[in-house]
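Put chains B, C, D, E, F and G on the given structure of chain A with help from the hints.
Residue numbers (the UniProt record's numbering), protein chains in the order written: chain A, 1 to 280; chain B, 1 to 280; chain C, 1 to 280; chain D, 1 to 280; chain E, 1 to 280; chain F, 1 to 280; chain G, 1 to 280.
Don't read these hints as lab results, they were simulated from the structure.
Covered stretches of chain E (chain C as the covering partner; in silico rule of three or more C-beta atoms under 8 Å from a C-beta of chain C):
id, stretch
1, 142–156
2, 165–177
Calculated cross-link-like contacts (lysine-lysine; reagent style BS3-like; alpha-carbon spacing at most 25 Å):
id, chain 1, residue 1, chain 2, residue 2
3, D, Lys89, B, Lys89
4, C, Lys89, E, Lys89
5, A, Lys89, C, Lys89
6, A, Lys89, B, Lys89
Remember, predicted model here, so these are calculated numbers, not experimental data.
Note that beta-carbon positions come from the ideal geometry of N, C-alpha and C, so glycine has one too.
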Amino acid sequence: MSTVLTPLINIVAIVVVAVLLRWLVHRLISRMTTGLGSGRLPSILRPSRAGGSAASERRVQRARTVGSLLRSVATFLIYGIAFILVLSKLGINIAPILASAGVVGVAVGFGAQNLVKDFLSGIFMMLEDQYGVGDVVDLGDAAGTVEMVGLRITTVRDVSGTVWYVRNGTISAVGNSTQRFGVAVVDIPIGYGADVDRAIEIAGQAAHETVERSPIAEDVLGDVEILGAQDLTQAAITLRLTVTTRPGRQWAVRRALTADVKMALDTAGIAAPLTAYPSN
Amino acid sequence: MSTVLTPLINIVAIVVVAVLLRWLVHRLISRMTTGLGSGRLPSILRPSRAGGSAASERRVQRARTVGSLLRSVATFLIYGIAFILVLSKLGINIAPILASAGVVGVAVGFGAQNLVKDFLSGIFMMLEDQYGVGDVVDLGDAAGTVEMVGLRITTVRDVSGTVWYVRNGTISAVGNSTQRFGVAVVDIPIGYGADVDRAIEIAGQAAHETVERSPIAEDVLGDVEILGAQDLTQAAITLRLTVTTRPGRQWAVRRALTADVKMALDTAGIAAPLTAYPSN
Amino acid sequence: MSTVLTPLINIVAIVVVAVLLRWLVHRLISRMTTGLGSGRLPSILRPSRAGGSAASERRVQRARTVGSLLRSVATFLIYGIAFILVLSKLGINIAPILASAGVVGVAVGFGAQNLVKDFLSGIFMMLEDQYGVGDVVDLGDAAGTVEMVGLRITTVRDVSGTVWYVRNGTISAVGNSTQRFGVAVVDIPIGYGADVDRAIEIAGQAAHETVERSPIAEDVLGDVEILGAQDLTQAAITLRLTVTTRPGRQWAVRRALTADVKMALDTAGIAAPLTAYPSN
Amino acid sequence: MSTVLTPLINIVAIVVVAVLLRWLVHRLISRMTTGLGSGRLPSILRPSRAGGSAASERRVQRARTVGSLLRSVATFLIYGIAFILVLSKLGINIAPILASAGVVGVAVGFGAQNLVKDFLSGIFMMLEDQYGVGDVVDLGDAAGTVEMVGLRITTVRDVSGTVWYVRNGTISAVGNSTQRFGVAVVDIPIGYGADVDRAIEIAGQAAHETVERSPIAEDVLGDVEILGAQDLTQAAITLRLTVTTRPGRQWAVRRALTADVKMALDTAGIAAPLTAYPSN
Amino acid sequence: MSTVLTPLINIVAIVVVAVLLRWLVHRLISRMTTGLGSGRLPSILRPSRAGGSAASERRVQRARTVGSLLRSVATFLIYGIAFILVLSKLGINIAPILASAGVVGVAVGFGAQNLVKDFLSGIFMMLEDQYGVGDVVDLGDAAGTVEMVGLRITTVRDVSGTVWYVRNGTISAVGNSTQRFGVAVVDIPIGYGADVDRAIEIAGQAAHETVERSPIAEDVLGDVEILGAQDLTQAAITLRLTVTTRPGRQWAVRRALTADVKMALDTAGIAAPLTAYPSN
Amino acid sequence: MSTVLTPLINIVAIVVVAVLLRWLVHRLISRMTTGLGSGRLPSILRPSRAGGSAASERRVQRARTVGSLLRSVATFLIYGIAFILVLSKLGINIAPILASAGVVGVAVGFGAQNLVKDFLSGIFMMLEDQYGVGDVVDLGDAAGTVEMVGLRITTVRDVSGTVWYVRNGTISAVGNSTQRFGVAVVDIPIGYGADVDRAIEIAGQAAHETVERSPIAEDVLGDVEILGAQDLTQAAITLRLTVTTRPGRQWAVRRALTADVKMALDTAGIAAPLTAYPSN
Amino acid sequence: MSTVLTPLINIVAIVVVAVLLRWLVHRLISRMTTGLGSGRLPSILRPSRAGGSAASERRVQRARTVGSLLRSVATFLIYGIAFILVLSKLGINIAPILASAGVVGVAVGFGAQNLVKDFLSGIFMMLEDQYGVGDVVDLGDAAGTVEMVGLRITTVRDVSGTVWYVRNGTISAVGNSTQRFGVAVVDIPIGYGADVDRAIEIAGQAAHETVERSPIAEDVLGDVEILGAQDLTQAAITLRLTVTTRPGRQWAVRRALTADVKMALDTAGIAAPLTAYPSN
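If we strip away everything but chain A, and leave its shape as in the complex, we get (with noise of 0.2 Å):
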């Protein structure tokens, strides 16, 4: 063969195989990902216990959010490579490319870092599906109603109405109040010298009435446990009522119960917490 086709020869190869791996890793990954979506995660990334049956379309969206950031890094890769190995085969010295590259990736990856770190973080939560719209989540920086669940930043409305944009990547535990139930926790502080036993006999029989009572009986799951003296200062001691609730309720079904509690306590005389400090 002559010394002018045999590099075209090899470029043409290149090109095609280029093409074709890109095809299969596209292949792989939609099926990877579509894997997802139907539920069925790789048993790397599956916790011990299954997740109950959460919105399965809201996993197929995830599914294609990921595999479409996936196939247009894996594309840019594989181009990237074929083309450098196409200048090599037309004779041009690519070493300097590639060391100018290297270069400018190690200065650049010390700064991107971060934004790595904000993909990875959002690829994983994505796959593991730990918060969806309208969920009540706690992400440290930042704890309200999520608006929008982005590969970088998650986006979160307060409780006063400030939206908030949250690198996934300074993400490191995620607090959701809305999965399954919640738990409203009702602590009631009463005066130091109170009868205890009474004042927990008289919260139970309060809290009891107000979850039966409508509208609050529809949001609560289960009785009121009533757990006694959690905690005893110099000044108070502080009786504890837990009430198992519809996810999202449990703020709604405390507030209730503080209120109803706090003044059947009141009623039956026993003594508020610092009554007992300027007592004459």
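Below, chains B, C, D, E, F and G without anything else, positioned relative to chain A:
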């Protein structure tokens, strides 16, 4: 061909390819950023839900700023590599130059990572349109009204008129209080001995009157929501009301509600928090 | 041999060696993790004292999870290197591919270190069997009952029903409150002017009665230990009692003891902490 | 040509090219920094809105300082590489020199990154003209009046006369209180039982009188804005007034307003915050 | 020799050298760690003063644990390099394997540094014999009684029975309260108006009586040291006594002394700290 | 020439060049540091405004210390490279030596970065003359009088006589209280109900008398500046006076002013802060 | 020469050079550290002012410890490189060995940096003689009496007898309270209404009497310095006295002075801090 001409032809070829490549990359960047300007984000960056009809000319301007930076970087990289290739074709040993660049690159890379972080954060903040001039934001290091949005720093003027230059790379979460709506959260502490149900009723009535009164009425979007006994400490019960307002007006509404509800409770003789304390 | 056949033979040899090596490594991993499952930890991981007869089927399952991850990684590495070797035998210049991989590896390595940390921490936590589903743990970022144990994240549900997804790599110390036994620590503040010896005597007597009463008696493993005057501040003396309980029952026992001891002291007329204060 | 002459010619060529390149780069830097001096910032650095007609001779001086540093660095790099190239043309093996430089570069690079950070931060702070000598700034580690602006450190004198040398690289956000205008924020706590509406009226009247009185009047730019009940705690209601002032005068105005409003409230018999407390 | 035999001989030589080297290194490690076991620390690790005659069988066991880890690492390294050398002698191009190992090594190195830190810290803690099973230690993240000492983690059970798994690499300082002796520090607050000299005298006398009484007397090693007025705040004067005790008994002694001294002061009519306050 | 002589000549040449280069670099350093000693800082280090006529012999000594360090480093580098070049000319394969140096360099580089940071910080602190022996400084980790200024550590003696060895690299901002002048800031809290204007008048008068009295008068540089009501809390109004003093005398002046102003206010019957509280 | 002999000669030469080099380096280290032992610090380490005639035998011992470590490291490096050179002369391909070492070096380097930091910090602390056995020091993580000074860790016993093992690399600033002299700082709070001048006079007189009384007199080096009104809060005025003492005796002197001055003020009827408060 003579040995003098071959490098010449090579050099010309390199220059031509570099110019072409630069033109191509610039076009690509332009198209991409124009797309951004008209609201078409690549799917990787687009959150799961669209963000409303935000000011599109702001987007166009931002797309232009980001595009300008990317074009500068691309030009610098392409011409730099072409320059080194030309040097090598002229018979100059480029290994030491590359090695020097590598050493300097690594040595500076450590120190410059903050710079890269700042610019990368700035680019993504712009693309995601997290805030604009005039928005009231909380950037962690500073909170206030945005004065300027730059690629490296964002300038914010806080409540006491101090101008803060915040490096974009130090911002881990952005809180924007002026997006679509705000929520005025009013917390009213009342005495431990007070009648909670009556206090809630009075507070609600007062709040309703306030939000229907001009000029507060123009700022309010929804009705007052009376949450009830938010918190119960040894010294006081805290009642909470919320109301949705126009963006940026939540503080004025909160102040008006605080004063009015507090005075209504005083008038109705609901015990103030600390008066239960030196009761004699 | 012809020059066409030699690379072919080489390639076949490479593939055969790779398959064999993979089979060997998989067997090794299987044997190692099976050993783990049956309680035989390599001496490096085994602490100086054995950990009791914990649930062995949990161990088997964990060994399987870890083995599955290790096998995936081994397969990926061995086939990846074989693929590159085959490419080089086909006459393709693999230097740019390796260099690209290097640059990408370093650039991503910075950002992916959190991911690697998470998985490595997860593997060791599993091998060391630090906690299982249902244990009550404190992971620093969150505390509560373990819901799932994964290689990258652990899921914990806290007292108010919020589910926390904690990255394993962010956990520096794990506190497990449900291993073999718990200790209920009861701190009772009494007034500065009280008779300490008598207070200790009364508190001890009350505690003894409590731990012999059903249903507390079933939860208690040892006898009450009366430590005495734990703390002496300007406002109060704090007495401390402890009692060993069944794992996970220490909080219920503590609450019961707190209420009973406190009421016994009240009945006996031991001065309450703050009554020395507004004594008039 | 003889083998003795060829390296000689090469060396001469290298030196000539180095001198030319240095001249070119110096010119480039000069032109760039001169542009900066006359207010023409490259678009990457220019925030979205222009910053007013700041002192241009300060800009010129800063541009000169930055240009001087950049020229030194460029000279050092170009002559250094030329020196190594000359060595290699003289037949000296430069590999060990480069390797040594590499090792030293990396080893020192870790420790010197703070230095690089300081200088890079200093350069950008100068280019962006964040503050000048005499401005009142908050740099995080120290707050006070700027005494000197350097490329590595900024010197600030705080309120008690202590001079602080702050490394530019440690500053994550700069707060400049002397740009265009300041805002005097006056917070007045009044008793919980006080009549809020009347207190606001009296406070507003007193504030209006104060800002019209000399010498406060010269420092005030706008009218007093009465925000109302800013905060409501168990012990007091906090009223807030704000007024725009000339830059740097907000503290004097605030002090004058605080005293006057407070005395007006006293005169009018508005309850002081704690008097509701020992009310007898 | 034939070209087939030469590599064969080479391979045999490599294997033989590797086996020999491994045997040599293992012997070296054994001798070194045996030396450690018998108390002969290399001078670099030995602190300036010797540590007493601690349990030598514990040392022997620890030396064995560390030796086992070091031997595993040495075996892995020596056989790994021999394997690669053998591959290269078989005519396989080992450059890609090494390069892959390098990339993976760097990429994982970032994430695995915590692991390496944990093991290195564990090795040194063992060699320096900082604590053993049963010691009461403070590791920063957790404090309590050591349950297990491992190379990667240390297990500690705290006062409420919670078992803490602490990574050795996160421990910056270890506090061991059970070495040779403890000190019971007793701080007694007395009223501001009290006669300090008389209070010191009474406290000293009471403390002397306590430490001579059984069972406290067996725990006390030295005499009571009366330091005097340790602290003087607006509300109280704090007296301090110390006494040297047997290791681990300082807390029991402190509790006994606190109760006795406090009651002696009460009996003597020394003013209690807060009674000076509502003195009427 | 013979093949034996050529390397010899080469070696001689290398040694001669190294000696010359070292002499040159030493001269350069000497000239540079001498310039520093006589106050001529290179423009990069020189802040925008000159620093007054500080003790020049201190500068000379510092320049000598820094020069000595730089000369040592330069000698080490130049002779080290020359040594390696000589080795290579002797036919020794220097690649493994360089590679070993590289590995050790990187491995140690991570750990030694603190050391490099300390020395670099020390060099710059010396060049910038931030503080000298006898100055009262705040270094963050410690505050007090400087005892020694070293290249790696600075020694400071604090108010209780404790000597602090502070690593220069840990200092992010230096506060020097003894430069040119100090400011005594006197904050006097007065009762909420007091007449602010009269209190300001009396405090001013008392302060004026104090600063004119010997020995305070010698320490005071300017007149007393009465700022007014600095702070208004629920419990007290804080008046602030400032006066410029000789460096290091601000604390003595402050103490004298505090006592005198406070007694003048007492004499004039201005209500003390807490007396408004139990007013009966 | 035959091809068999040449490598043999080379190997012998390498071994001889290595032995010589090691001997040379050891001598160098010995001379350097001996110099340190006899107080001659290299100028880089020597602070600007000499440190008094500290215990020279301690220095000798420390110099020996440091020298021993440096000699071990030098031996390891020189013989290691010689070993690799010998391998290469034997015809073994050392590239994979070096590459493996490089990968392991980098991977371990990240994790071992703490170790290197600890040893480097220890070496410098020893050379600079910051503290010795028996000194009372504050190392940040722990404070107390130094028990052992090691190259990696320092052992300190705190006031309650707990032994702390502090890694030298975690110490950012060392506070040594037993160098040349201590200062007893006595802060006495007096009532807001008290006569400051008279209180200062009485306190001074009482302090003078105390420091002249045995056994305090032997511990005191200078006279009492009465600083005056150090602090003025809403509740009290704090008077401050200081007196220079022998090193390590400042706490005993402070305690004695606190008791005596306080009782003198009581005797003289100076109002105690809180008695102004419930004055009725």
